[in-house]
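Using the sequences plus the hints, can you model the full thing?
Here the protein sequences line up with chains A and B, keeping their order. Per my numbering, residue 298 is the first one in the first sequence, and the count goes up by one each step. Per my numbering, residue 25 is the first one in the second sequence, and the count goes up by one each step.
By construction, these hints were calculated from the structure, which means they are not laboratory data. Built from N, CA and C at the ideal position, the CB exists for glycine as well. Wrong hints could be hidden among the right ones.
[Unchecked claim] Quick list of in silico lysine-lysine cross-link-like pairs, DSSO-like style, CA-CA up to 30 Å: (1) A/K314 - A/K336; (2) B/K187 - A/K336; (3) A/K333 - B/K233; (4) B/K175 - B/K233; (5) A/K314 - A/K333; (6) B/K187 - B/K175.
[As the list claims (entries may be wrong)] Over the 12 Å line for every Cβ pair with chain A, so calculated as not near, a few chain B residues: (7) F37; (8) L134; (9) R159; (10) T178; (11) F214; (12) T239.
[Claimed, not checked] Pair ranges (Cβ atoms, derived): (13) A/K336 - B/R159: 22 to 32 Å; (14) A/E320 - B/R159: 38 to 48 Å; (15) B/V36 - A/Q355: 32 to 42 Å.
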Amino acid sequence: MSITVNLDLILVKRRMKLTELAERVGITLANLSILKQNKARAIRFSTLESLCRELACQPGDLLEYIADDPNGDTQAGDA
Amino acid sequence: MPESGPLPILRVFKAGLNFVLIIGVVWGVVLLVAFFVTMAAPGRLPVWFSTSTTYDLSQAGYVGNAQLTCADPSAHTELRYLGWVKLTSRNRVYLPLVMAGYFIWLGLVLVVVWQLRRILGTLTAGDPFVRDNARRIKTIGWSIIIAVTLKTLTKFGAVLYLKRIISINGRSYLPPSYLLWESFPLGMIFVGLAVLAIAEVFRIGARIKAEQELTI
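Structural data, given as structure tokens:
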């Protein structure tokens, strides 16, 4: 997956639990888990907006592009 | 997700499918047992052929006074009604073939009914756009195409059998030439192809739905 969601990282920084975020954002815990585990196929702007609002961050803090390595490995993009 | 429950008509349809399923299975089992019992026992298996002889015999002016003679020593034929020939035979080549074709046709009809029932189940559960339904609809499409083709071939097999063994008023039985192109179920083949196209629509729909479900 080229785009990863760094939700767990920000949650640790904000000292917030996933259940609390789920309540504040109004998304089910199951859906938030899908997002956290990088299993989501797409994210709505409205969801991104709610997450950024509650976590006081920018979309760039949540999402990261990792270039696909031709050998199959992935590495953090620095572009 | 549906806000209300399933439509009452769906319940009626499901009950109808259950009825057809039960009748079909019972009918198949009874016929199968009857077939093997009569083939094994010294008795003869009566088979009724319609074979479009209504047209054939009435054209030839045979109705009412046709004299049927039979070349097969194991068979006996009677012209029963207008265009209906009753054949009792122990022929071990043609009849099992015709019966096998019939049973496969019956089996495929039951497969269609069963798959429809399963699809209906997902519909009443409120989640019809699943990959399994695409597969089921595809099965239905192929079953329709194979079943109608097989039934037609079986019919021609029966006609060819009658042609070989039956003579009417001393002349050999000639199946009408229009039989092949007119009775070949092109309409049903098109229905089968349309169902296959719908299966493809469902496959794509199921993929889009799965994607939509993973959109947070």
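Taking 30 Å as the top limit, are the C-alpha atoms of A/K333 and B/K233 close enough?
21 Å, holds
If we take the beta carbon of B/F37, is the closest beta carbon in chain A still more than 12 Å away?
The claim stands: B/F37 keeps its Cβ more than 12 Å from every Cβ of chain A (closest is about 34 Å).
At 12 Å, judged by beta carbons, does B/T239 keep clear of chain A as stated?
Violated, since 4 Å does not exceed 12 Å.
B/F214: least C-beta distance to chain A exceeds 12 Å?
37 Å, holds
Next pair to validate is A/K314 with A/K333; report whether the Cα-Cα distance is within 30 Å.
12 Å, holds
Please check whether B/V36 and A/Q355 have a Cβ separation lying inside 32 to 42 Å.
57 Å, violated
What's the verdict on B/K175 and B/K233, does the C-alpha distance respect the 30 Å limit or exceed it?
38 Å, violated
How does the Cβ-Cβ distance of A/E320 and B/R159 compare with 38 to 48 Å: does it lie in that range?
Holds, at about 40 Å.
Checking one constraint from the list: CA of A/K314 to CA of A/K336, max 30 Å. Satisfied?
19 Å, holds
Given as non-interface: B/L134, which should sit over 12 Å from chain A by C-beta:
39 Å, holds
Hint consistency between B/K187 and B/K175 [alpha-carbon to alpha-carbon, up to 30 Å]
18 Å, holds
Minimum Cβ distance from B/R159 to chain A greater than 12 Å, as the annotation requires
Holds, since 22 Å exceeds 12 Å.
Checked against the numbered hints given earlier, the structure breaks hints 2, 4, 12 and 15 and satisfies all the rest.
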